[in-house]
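Peer 1: One-letter residues, chain by chain:
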Amino acid sequence: MKYFSRFGTILTGGVVAAILTTSAVAKEDMNKWLRPENVPAPKDNQITPERITLGKFLYFDTRLSRDNTVSCATCHNPELGWSDGQPKAIGIEGRQGPRNSPTIINTAYQRHQFWDGRAKSLEEQALGPIQADVEMDMDLDELVKRLNGIKGYKELFEKAYPGEGITKDTIAKAIATFERTVVSTEAPFDRYIKGDENAISENAKKGFALFTGKGKCNNCHDGFNFTDGSFHNLGLGDSDIGRYKLKKRASWFHAFKTPTLRDVTKTAPYFHDGSIKTLEEATAVCGNGGRFPNSKNLSPLIEDRGLTQEEIRLIVDFLATLEGEPMKLEIPTKFPQ
Amino acid sequence: MKKIIFILAASILATVSYSADHIVVQKDKTFHPNYIKAKVGDRIIFKNDDGFAHNAFSDSESDEFDIGMQKPGQDVVVVMKNPGKVEVECAIHPNMHLTIDVQK
Numbered sequence: 001m002k003y004f005s006r007f008g009t010i011l012t013g014g015v016v017a018a019i020l021t022t023s024a025v026a027k028e029d030m031n032k033w034l035r036p037e038n039v040p041a042p043k044d045n046q047i048t049p050e051r052i053t054l055g056k057f058l059y060f061d062t063r064l065s066r067d068n069t070v071s072c073a074t075c076h077n078p079e080l081g082w083s084d085g086q087p088k089a090i091g092i093e094g095r096q097g098p099r100n101s102p103t104i105i106n107t108a109y110q111r112h113q114f115w116d117g118r119a120k121s122l123e124e125q126a127l128g129p130i131q132a133d134v135e136m137d138m139d140l141d142e143l144v145k146r147l148n149g150i151k152g153y154k155e156l157f158e159k160a161y162p163g164e165g166i167t168k169d170t171i172a173k174a175i176a177t178f179e180r181t182v183v184s185t186e187a188p189f190d191r192y193i194k195g196d197e198n199a200i201s202e203n204a205k206k207g208f209a210l211f212t213g214k215g216k217c218n219n220c221h222d223g224f225n226f227t228d229g230s231f232h233n234l235g236l237g238d239s240d241i242g243r244y245k246l247k248k249r250a251s252w253f254h255a256f257k258t259p260t261l262r263d264v265t266k267t268a269p270y271f272h273d274g275s276i277k278t279l280e281e282a283t284a285v286c287g288n289g290g291r292f293p294n295s296k297n298l299s300p301l302i303e304d305r306g307l308t309q310e311e312i313r314l315i316v317d318f319l320a321t322l323e324g325e326p327m328k329l330e331i332p333t334k335f336p337q
Numbered sequence: 338m339k340k341i342i343f344i345l346a347a348s349i350l351a352t353v354s355y356s357a358d359h360i361v362v363q364k365d366k367t368f369h370p371n372y373i374k375a376k377v378g379d380r381i382i383f384k385n386d387d388g389f390a391h392n393a394f395s396d397s398e399s400d401e402f403d404i405g406m407q408k409p410g411q412d413v414v415v416v417m418k419n420p421g422k423v424e425v426e427c428a429i430h431p432n433m434h435l436t437i438d439v440q441k
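Chain order of the listed sequences is G and C. Numbering-wise, my numbering puts 295 at position 295 of the first sequence, and it's gapless, one number per residue. Positions in the second sequence are counted from 1; adding 337 to them yields my numbering.
Honestly, the hints are just simulated from the structure, not real lab data. Note that this is a predicted model, so its numbers are computed, not measured. All C-beta atoms in this analysis are idealised placements derived from N, C-alpha and C, irrespective of residue type, glycine included. Be careful, since some hints might not be right.
[Unchecked claim] Examples of chain G residues lying across from chain C (beta carbon under 10 Å, computed):
| id | residue |
| --- | --- |
| 1 | His112 |
| 2 | Phe114 |
| 3 | Gly213 |
| 4 | Asn219 |
| 5 | Asp228 |
| 6 | Arg243 |
| 7 | Lys245 |
| 8 | Ala250 |
| 9 | Ser251 |
| 10 | Ala255 |
| 11 | Ser295 |
| 12 | Lys296 |
| 13 | Asn297 |
| 14 | Ser299 |
| 15 | Arg305 |
| 16 | Gly306 |
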């Protein structure tokens, strides 16, 4: 992976150029909580303004679904923390998907996509929901044909990917490029880490100490994106076998990817099955032993840490400081014709 | 007689394989080192120095293995059976990678 500078007006705030000192966190530990200046992108799909423009149109265009009713933004809505506020995704004709719509914030920094990590790049991920019968239910050959019939798109593809035409590949690349621009903005926590002691409340500071201390939340929710990309069974007790579906590897039974906690206040309900409505409940499930502590292949990290209601509240106060300013984003209202 | 002993010793030496041990420490969700040159018969000793469980598996054609759940402080030994490039990952923390270059 090569690193590229970010483009576009939506890429605001949060870029850290200098690290200041803070009394609350050891200097050597601070770097990992700060967002990298650059967004990673693959060598064969560098980020350019033309690709962002094209990708944004495709992302918000309902014509990418079979019946022209659903776009990527239906389930990954910027107004709803780039998720949809539903327990489980709802696609065309009201069809319900098997899992909660994960936010796409900072997916650029994740190696594995989807709750079960079955896609190893955003390009690979981008075509999944388009084809899924419970999401956009669109045949890719038909989509290529449809877009080729739209003059405006032909021009945009030519500008973004000269000589490559409108293909499954360039559609995936363009959407992935737009997704790479959906990055978290500077949150109060970032200002605190950079040295502004007044950026977050005393309760939130206590919550952060619990998050990295007694709660050991950072065993998985680690680094600036508050996820280490690991897969765990939290013992929710539902029938979804998770990553195990990819291969019958024992440690993948009922295991799902650790989600980011950036903007987590905007992305309820929580977990892969959308069964948890509040951050208090989510913190209790993770921090106090899982809903079903005797679940097969329960992650050993899910144990009862004896967090009190007050401590859970403090952790949630801290989590609220991870909410950044809304990104400056102009959502298209007119699409290529 | 001396010649016979020499041949006998030489043939014993030729049939005895000398395997080496390679220690791989899992620390801070990273394999240390993340690249090893080994020979067939060598032992890879995975030492979990993190405070939580790890795993090591390989789906490589030349050597497929999965050590399962590896508790903190636990050592697990894997013997390299065939020559080839063995790509190792942690099933829990897929950002952890190790390449073992196994030669004859």
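Peer 1: A closest beta-carbon separation below 10 Å is what the hint needs, so does Arg305(G) meet it against chain C?
Peer 2: The hint is violated - Arg305(G) has no Cβ within 10 Å of chain C, the shortest such distance being about 13 Å.
Peer 1: Does the CB of Asn297(G) sit less than 10 Å away from some CB of chain C?
Peer 2: Check passed: Cβ of Asn297(G) comes within 8 Å of chain C, closer than 10 Å.
Peer 1: How about Phe114(G): closest beta carbon in chain C under 10 Å, or not?
Peer 2: violated (13 Å)
Peer 1: His112(G) was flagged as interface toward chain C. Is the shortest Cβ-Cβ separation under 10 Å?
Peer 2: holds (6 Å)
Peer 1: Should the hint that Asp228(G) touches chain C count as held when the rule is a Cβ pair under 10 Å?
Peer 2: Nearest chain C Cβ about 6 Å off; hint holds.
Peer 1: At a threshold of 10 Å, is the proposed contact between Ser295(G) and chain C supported by beta-carbon distances?
Peer 2: violated (14 Å)
Peer 1: So, Arg243(G) near chain C? Judge it on the closest CB pair being under 10 Å.
Peer 2: holds (8 Å)
Peer 1: So, Ser299(G) near chain C? Judge it on the closest CB pair being under 10 Å.
Peer 2: At about 8 Å, which falls below the 10 Å cut-off, the nearest Cβ of chain C leaves the hint on Ser299(G) intact, so it holds.
Peer 1: Answer holds if the nearest beta-carbon of chain C is closer than 10 Å to that of Asn219(G); otherwise answer violated.
Peer 2: OK, holds: Asn219(G) within 10 Å of chain C, min 6 Å.
Peer 1: Under the criterion of a CB-CB separation shorter than 10 Å, is Ser251(G) in contact with chain C as hinted?
Peer 2: holds (4 Å)
Peer 1: Measuring from the C-beta of Ala255(G) to each C-beta in chain C, is the shortest one below 10 Å?
Peer 2: holds (8 Å)
Peer 1: Double-check Lys245(G) for me: the hint is only fine if its C-beta lies closer than 10 Å to a C-beta in chain C.
Peer 2: violated (14 Å)
Against the hints set out earlier in the document, violations occur for numbers 2, 3, 7, 11, 12, 15 and 16.
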